[in-house]
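Produce the complete structure using the sequences and hints provided.
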Amino acid sequence: MDFLSILLDILLSAAFWTAVLRIATPYVLGTLGELVCERAGVLNLGIEGIMTLGAMAGWMAVYQGADLWTGVLAAAACGALLGLLHAALTVPLGLSQHVTGIGVTLLGTSLSYFVYRLVLPQASTPPTIEPFQPLALPGALAQTPLTYLAFLLVAVVAYVLYRTPVGLAVRMVGENPAAAEAQGLNVTAIRIGAVVAGSALMALAGAFLTLSAFNAFFFNMVNGRGWICIALVVFASWRPGKALLGALLFAVFDALQLRLQQASGGVLPYQLFLMMPYLLSILALVLVARRASYPRALMIPYRKGER
Amino acid sequence: MRLEPRTDTPLALRLLAPVGAVVAALALCALLVAWTGAPVLRAYGLLFEGAVGSRFALTETLTRATPLILTGLAAAVAFRAKLWNIGAEGQLYMGALAAVVVGGGMLDLPAWALIPVVMIAGMAAGGVTLLGPAVLKVRFGVDEVVTTLLLNFVVLLLVSLLLEGALKDPMGMGWPQSAPVVEAAELPKLVARTRLHAGLAIALGLSVLLWLVDTRTIWGYENRAVGANPRAAAFAGMPVTRVMLRTALLSGGLAGLAGAAEVCGLKGYLTLDLSPGFGYSGIVVAMLAQLHPIGVVGAALFIAGIFVGADAMSRAMPVPNYIADVLVATSLLCMLVAGLLARYRLRRG
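As given, the protein sequences belong to chains A and B, one line each in that order. Position in the first sequence (first residue = 1) + 3 = the working numbering. Position in the second sequence (first residue = 1) + 110 = the working numbering.
Since the hints were derived computationally from the structure, they do not count as laboratory data. Some clues are possibly wrong.
Here are the in silico distance ranges between beta carbons for each label pair [to be verified]:
1. A122/B <-> L248/A: 49 to 59 Å
2. S296/A <-> A346/B: 23 to 33 Å
3. L248/A <-> P220/B: 27 to 37 Å
4. R112/B <-> V159/A: 30 to 40 Å
5. Q186/A <-> Y454/B: 26 to 36 Å
6. M216/B <-> A80/A: 50 to 60 Å
7. I9/A <-> M281/B: 34 to 44 Å
8. D421/B <-> I303/A: 35 to 45 Å
9. D421/B <-> A139/A: 47 to 57 Å
Under 8 Å between C-beta atoms, here's a sample of chain A residues computed to sit facing chain B [unchecked claim]:
10. L48
11. Q67
12. L96
13. T103
14. L110
15. Y116
16. N223
17. G227
18. A234
19. Q274
20. I285
21. L286
22. A292
23. R293
24. S296
Note that the Cβ used here is the ideal one computed from N, Cα and C, for glycine as well.
Laid out in structure tokens, this is it:
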């Protein structure tokens, strides 16, 4: 079979598109979370660690006997807490968002591993839980509830950002905090709120991995997905709808490389295929970098009365 | 009460800040240790003993500190110029890759010639790896944080590809590891019957050298000026782009050297677990040192001690050795706050 017919076969199968939606879900949630933070003017490099903690906390809660949705809530709460830490250090204290974010990632990751090892010291094969099952909705490819939730959240975040006073306030503190202050808005509080909410979304992305996509927690399971989300935010020019599109496009390529990898039958090393998502993200960044319209106050701490 | 920036931070305060941060981190992590049910003071005692309590422990800590000094310097020089190189981990592996290729027997040279060649090859590989993102930054305005982070994953996959393919050791019993470097490429041991190797001397020498360059030469002056305010530096006629690219080569080179030194000094060959995150820990080292080249040595010793000590401690009590990673991360966050407190002072009214 030639390459084109293989490609066509893949693209016409329902299984492929089901996989695309599943692969896209953590990227949709993570990108949405990062987007909310950055729209308020705060870069959150803690995403990788927050996703890891979300994955661990959600799974651990369920493993300890909680039901799946309680696990999701536990993950979101842990993510919100790490987000609060990031916000406390970067917003009122105005510390470097780069370095604080890396610190939050290191903390989130190491805490997750520490707690996992503490509870399960001897687990050589990771214990499993009963994960979310696919749910067939009429006219849709069967997905787990968290995927539907992710797509719903895109609409919610878009609505809140563009159609509500809260969203206007978030965008304003990210573009021109001094003007927001002059309007009587509390810049510090709004930024903290946005980072906390965004971080909770990131943790959901992690929880999806352990509660839907897989049924166990593995070390290094987030595997750079958080960093890819940061690239996707730039690619989406900080718009939720485009973020969804970017995540889907990315998932199409990711699902495609998986299937081409199988179809190639080991002619090419599998590592070449696994590199594609990362190289693709870098390429996307290069393509949009010149036109990117960053939120004006991104990465600039705001202090009252200072210009 | 409000915060007011100091015009000048006294040296005592600059030295006190990391000490305070470390104490705060130890206190915070004591809560975690207590949660495991282990006696906190005894746990920390064992950690300390495991890090410096014997000749063996001490040389292990120094061995572990060697790559950390180099990745710490890599982060420090880059961050000084506001080049956010988070890709030291990947650059380290590229350096290690170059070391096993160049030192793997393709050159028939005596040790005094081969070792420098291999080290320089490692530096070049690391430097070029960071040059890519740096060029993308200055030419296209692509944020280097994300590109360097993503390249870490690409490099690891590349290493995995080569270890299972072209570089695979035919005598390796099927394990994905490279053939060992030739004997002439091995760094000499500093202390007999320990793992401590000449990489430490190289790392120490480089931190002194970088400190001299930083304080005594035009190069160092330009680097600091560009880091402090690139627009002002450009206005003063400094070649901002060139300084950025130069810094990238240097920073990536230091990380690459860390990889080459680990291969030639310690492991002898390359595997996928050469570095337990030395590239990322290097960022913590640089921040604890407040980006000072000499301070990097002290910070690297501390971080190395934590890792080596925690391994010993977790063998004796049911505290997972990931406590070391938590301690390191907490130290970084505490250091950021301590640095702020040192730069500002509280003013009433």
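Hint check results:
For A122/B and L248/A, the hinted distance range of 49 to 59 Å is satisfied, since their beta carbons lie about 55 Å from each other. At about 30 Å, the beta-carbon gap between S296/A and A346/B stays in the expected band of 23 to 33 Å. In this structure the supplied range 27 to 37 Å is violated for L248/A paired with P220/B, their Cβ-Cβ distance being about 60 Å. The given range of 30 to 40 Å is respected by R112/B and V159/A, whose C-beta atoms sit roughly 39 Å from each other.
Between Q186/A and Y454/B the Cβ separation comes to about 28 Å, which falls inside the hinted range of 26 to 36 Å. At about 56 Å, the beta-carbon gap between M216/B and A80/A stays in the expected band of 50 to 60 Å. As the Cβ distance of I9/A to M281/B is approximately 38 Å, the hint placing it in 34 to 44 Å holds. Distance hint for D421/B and I303/A: a CB-CB separation of about 42 Å, consistent with the stated range 35 to 45 Å.
A beta carbon spacing of about 50 Å between D421/B and A139/A agrees with the range 47 to 57 Å that was offered as a hint. Checking L48/A against chain B: minimum C-beta separation of about 7 Å stays under 8 Å; hint holds. For Q67/A, the interface hint is violated, the least distance from its beta-carbon to any beta-carbon of chain B being 15 Å, above 8 Å. Taken as an interface hint, L96/A checks out: its beta carbon lies about 6 Å from the nearest beta carbon of chain B, inside 8 Å.
Hint status for T103/A relative to chain B: holds, with the closest Cβ pair at about 6 Å, below 8 Å. The criterion of a C-beta within 8 Å of any C-beta in chain B is met by L110/A, whose closest approach is roughly 4 Å, and the hint holds. Because the smallest distance between the Cβ of Y116/A and any Cβ of chain B comes to about 4 Å, under 8 Å, the interface hint for this residue holds. With a least beta-carbon distance of about 10 Å to chain B, the hint placing N223/A at the interface is violated under the 8 Å criterion.
For G227/A, the suggested interface contact is upheld, since its CB lies about 5 Å from the closest CB of chain B, less than 8 Å. For A234/A, the shortest C-beta to C-beta distance to chain B is roughly 5 Å, which falls under 8 Å, so the interface hint holds. The interface hint given for Q274/A is met, as the beta carbon of that residue sits about 4 Å from the closest beta carbon of chain B, less than 8 Å. Annotation: I285/A was flagged as interfacial toward chain B, and the flag holds, the nearest CB pair being 5 Å apart, inside 8 Å.
The beta carbon of L286/A comes no nearer than 10 Å to any beta carbon in chain B, farther than 8 Å, and the hint placing it at the interface is violated. Taking 8 Å as the C-beta contact cut-off toward chain B, the hint placing A292/A at the interface holds, the least distance being around 4 Å. For R293/A, the interface hint holds, since its Cβ comes within 8 Å of a Cβ in chain B; the closest pair sits about 6 Å apart. Annotation: interface hint on S296/A violated; nearest CB of chain B at approximately 12 Å, more than 8 Å.
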